[in-house]
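J.: Using the sequences and the hints given, assemble the complete structure.
The sequence shown begins at 304 in the numbering used here and counts up one residue at a time.
No wet-lab data here; the hints were simulated from the structure. From a predicted model like this one, the values you see are computed outputs, not experimental measurements. Please note: incorrect hints may appear among the correct ones.
[Claimed, not checked] Distance ranges between label pairs, derived from CB positions: (1) Q323 to E389: 40 to 46 Å; (2) T313 to I395: 41 to 47 Å; (3) A397 to T446: 21 to 27 Å; (4) N327 to G412: 19 to 25 Å; (5) T315 to P443: 34 to 40 Å; (6) R377 to Q480: 36 to 42 Å; (7) K481 to S451: 32 to 38 Å; (8) A461 to M394: 21 to 27 Å; (9) I395 to G316: 41 to 47 Å; (10) H449 to Q480: 37 to 43 Å; (11) D434 to G412: 32 to 38 Å; (12) E422 to E317: 18 to 24 Å.
Every residue, glycine too, gets a C-beta built ideally from N, C-alpha and C.
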Amino acid sequence: MSTMASTNTTLTGERADLFQALANARHFLRFTTQNLTDEQAATRTTVSELTLGGLIKHVTGVEQQWQEFMVKGRAAMAWDGIDFSEPTSEMIEAFQNEFNMQPNETLVGLLENYALVAERTDALLAEIDLDTVYELPSAPWFTDTHWSVRRTLLHIIAETTQHAGHADIIRESLDGQKSMG
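T.: The following block contains the structure:
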């Protein structure tokens, strides 16, 4: 099986599998936003603070951050060296803003930005050494100390898939639409 990662590269083997898994996860996440207005994309439908637009925004930011990690390692992580045991009000606000559409943001704009970030990840996947290993920054959510580029790509796939599931629940609660079934 071979898959196109960009207009110039055909992927095979492990790279094709990673590409296809990420492409599938992205598809289902984007699918949940079909035919929505900006207002609907910014609407909470569950007890959670999550919205469809907020999820697209978050997944975009996460994927972009991990792209930088795959190229530059720990130093590329914006939160490297932050003490999470005592979060500041600025940290909390920045985290919340990552999950919320702002008044000047549109769903179309968020999806366009996500597509650009996805293109860059796909290009990296085609060329980067999957065996390169970097030290992870210190954070309470890591049990590991180092990740390979391969493991980082698997994390992006897992993060996207997890949030595609969240998005499906939010969309079904919004108007009854389902990604599958």
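J.: Please check whether D434 and G412 have a Cβ separation lying inside 32 to 38 Å.
T.: holds (36 Å)
J.: Measuring from beta carbon to beta carbon, are H449 and Q480 in 37 to 43 Å?
T.: At roughly 41 Å between Cβ atoms, Q480 and H449 fall inside 37 to 43 Å, so the hint holds.
J.: Does the Cβ-Cβ separation between A397 and T446 fall within 21 to 27 Å?
T.: At 24 Å between Cβs, range holds.
J.: If I claimed the Cβ atoms of K481 and S451 lie 32 to 38 Å apart, would that claim hold in this structure?
T.: Cβ of K481 to Cβ of S451: about 36 Å, so the range 32 to 38 Å holds.
J.: So the hint says 40 to 46 Å: do the beta-carbon atoms of Q323 and E389 match that?
T.: With Cβ atoms ~42 Å apart, the hint holds.
J.: Does the Cβ distance between N327 and G412 fall inside 19 to 25 Å?
T.: holds (24 Å)
J.: Between R377 and Q480, is the Cβ distance one that fits in 36 to 42 Å?
T.: Hint holds: Cβ distance 40 Å, inside 36 to 42 Å.
J.: Does the hinted range 41 to 47 Å hold for I395 and G316 at CB?
T.: holds (43 Å)
J.: State, for the Cβ atoms of E422 and E317, whether the hinted interval 18 to 24 Å holds or is violated.
T.: holds (20 Å)
J.: Take a look at whether the Cβ-Cβ distance between T315 and P443 falls inside 34 to 40 Å.
T.: The hint (34 to 40 Å, Cβ to Cβ) holds, given that T315 and P443 are roughly 38 Å apart.
J.: Is the distance from the Cβ of T313 to the Cβ of I395 consistent with 41 to 47 Å?
T.: holds (45 Å)
J.: With respect to the beta-carbon atoms only, verify the hint that A461 and M394 lie 21 to 27 Å apart.
T.: holds (24 Å)
When held up to the earlier numbered hints, the structure conflicts with none and fits them all.
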